[in-house]
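> The lines below spell out each chain.
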Amino acid sequence: MILIINVCKEKLHYYEFVKPIEDILKKNKIAFFTKHYTEIKESDLKKANKAIICGTSLKDFDYNKHLGKFSWIKNFNKPILGICAGMQLMQIADELDRQVKELDIKSDLNLIVKKKTEIGYYFENFKKEFLSLKGKHEVYHLHNNYIPTSKNFEQFNDGKIPQAIKHKTKPIYGVLFHPEVRNKKLIEEFCEVVKFYN
Amino acid sequence: MKLGVLFSGGKDSTFATWIAKREGYEISCLISIASENKESYMFHTPSIDKTKKQAKAMNIPLIFKKTKGKKEDELKDLKSAIKKAKEKYKIEGVVTGAVESVYQASRIQKICNELNLECFNPLWQKNQFELLEDLLKNKFEIILVGVFAFPLDEKWLGKKIDKKFIEEMKKLNEKYKINPAGEGGEFETFVLNCPLFEKKLTVKNWKDFGEGNSWRREVEVE
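Same order as they appear, the protein sequences are chains A and B. Add 1 to a position in the first sequence, counting from 1, and you land on the number used in this note's numbering. Add 99 to a position in the second sequence, counting from 1, and you land on the number used in this note's numbering.
Hints are computed from structural coordinates only; laboratory data are not their basis. Warning: the hint list may mix true and false statements.
Claimed, not checked - Below are the EDC-like pairs computed for lysine to aspartate or glutamate, each with C-alpha atoms no more than 20 Å apart in a straight line:
1) A:Lys-60 x B:Glu-191
2) A:Lys-28 x B:Asp-233
3) A:Lys-137 x A:Glu-119
4) A:Lys-169 x A:Asp-95
This structure is a prediction, so every number in the text was calculated from the model and none was measured.
Take these sequences, add in the hints, and give me the full structure.
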């Protein structure tokens with residue numbers, strides 16, 4: 002059972018950033034359940050064998066005020082795919098060497114998050130196979146920020162801005178681009194191929 | 100949150116308006132761009148001036164702006180219309196009916212980002228047949244006002260989107276790869292009635308223009 006996590010502040014953004022992921026899983030007959038990040042309970046984390054943290058809109062950074070809600074990431078120990086904001090959140094949760102606390106994060110975030118706006122299709126070169134993508138692929142970007150690859154993660158694409166990363170010891174994957182647009186195979190690969198630890 | 104909708108009068112922008120309203124958002128205005136360039140990749144053109152009648156039927160103010168439709172200038176005109184909506188109606192976000200077109204969606208995302216507005220695409224990546232079925236379930240009355248791909252021709256103008264239409268589209272999709280919701284620009288639509296309308300519109304007259312597999316219909320509605 003895959004836990005899909007909605008990080009959108011606005012209800013209307015569910016249709017744009019969460020439903021397309023649900024539709025890919027439905028089409029592939031993969032069982033899932035969806036929760037907003039503010040409503041995740043211990044029982045949800047036990048029930049899930051994988052998690053996908055979805056992205057949100059260019060102007061939505063509300064989740065940064067509630068980083069404590071993501072502290073479970075560090076001890077989840079099951080495969081996670083973070084998409085755009087989801088990728089940044091899992092990096093923040095992994096990187097901070099203390100449990101993040103709500104409203105106590107601004108100075109740390111300013112050190113970690115870099116500004117870069119990219120909107121639309123861009124070609125990215127995947128130097129090593131990343132969840133079915135290898136070589137040059139066109140991907141859909143929709144972000145104002147990124148987080149540089151840190152020591153715990155390996156970057157799979159060429160270039161300064163990490164578009165695809167994997168944790169060096171855990172099955173935690175992140176993409177800054179939106180694979181639900183044009184690269185649905187990446188999500189299917191994560192759901193069907195990635196095992197508990199690989 | 101107050102929202103403005105990029106409104107063409109077709110099924111997608113009208114359905115996006117309906118979803119936003121259903122989810123509790125305030126639709127403060129509609130924004131229509133009338134392009135003189137009938138080949139515009141950015142804007143729907145057939146019967147575009149009838150968005151005035153649709154806006155009236157929905158009792159929502161309309162910002163109607165004309166553009167010559169030159170590639171970069173039409174984006175400037177779109178930006179100035181959205182800016183006007185922000186100033187006049189205090190909108191905090193823009194809704195679009197984009198489904199698949201990254202060309203359109205990314206340009207609107209950029210404009211909203213520059214104007215510090217949220218951008219909402221509630222139909223984004225939606226399955227095309229699911230979209231057509233949802234329109235029928237929600238009692239949208241829609242006709243075709245443009246066809247632009249083989250084997251569609253002038254006989255398709257005025258056709259209603261109903262169960263029979265969906266079945267025909269399934270066949271055309273299998274045989275000719277016609278996108279069933281017209282997302283590839285194969286056809287354009289006009290909404291005559293939906294749950295947002297206080298009064299149903301009726302086609303009183305029309306004129307057809309075109310040749311071969313490229314036709315558009317200008318309707319008169321009351």
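> Going straight from one Cα to the other, do A:Lys-169 and A:Asp-95 come out at no more than 20 Å?
Holds, at roughly 12 Å.
> With a cut-off of 20 Å on the C-alpha distance, tell me whether A:Lys-60 and B:Glu-191 pass.
It holds: about 11 Å lies between the C-alpha atoms, which stays within 20 Å.
> Given the proposed pairing of A:Lys-28 with B:Asp-233, does the C-alpha separation stay at or below 20 Å?
18 Å, holds
> Given the proposed pairing of A:Lys-137 with A:Glu-119, does the C-alpha separation stay at or below 20 Å?
Holds - the C-alpha atoms of A:Glu-119 and A:Lys-137 are around 18 Å apart, at most 20 Å.
Every hint, counting from the list given before, is met by this structure.
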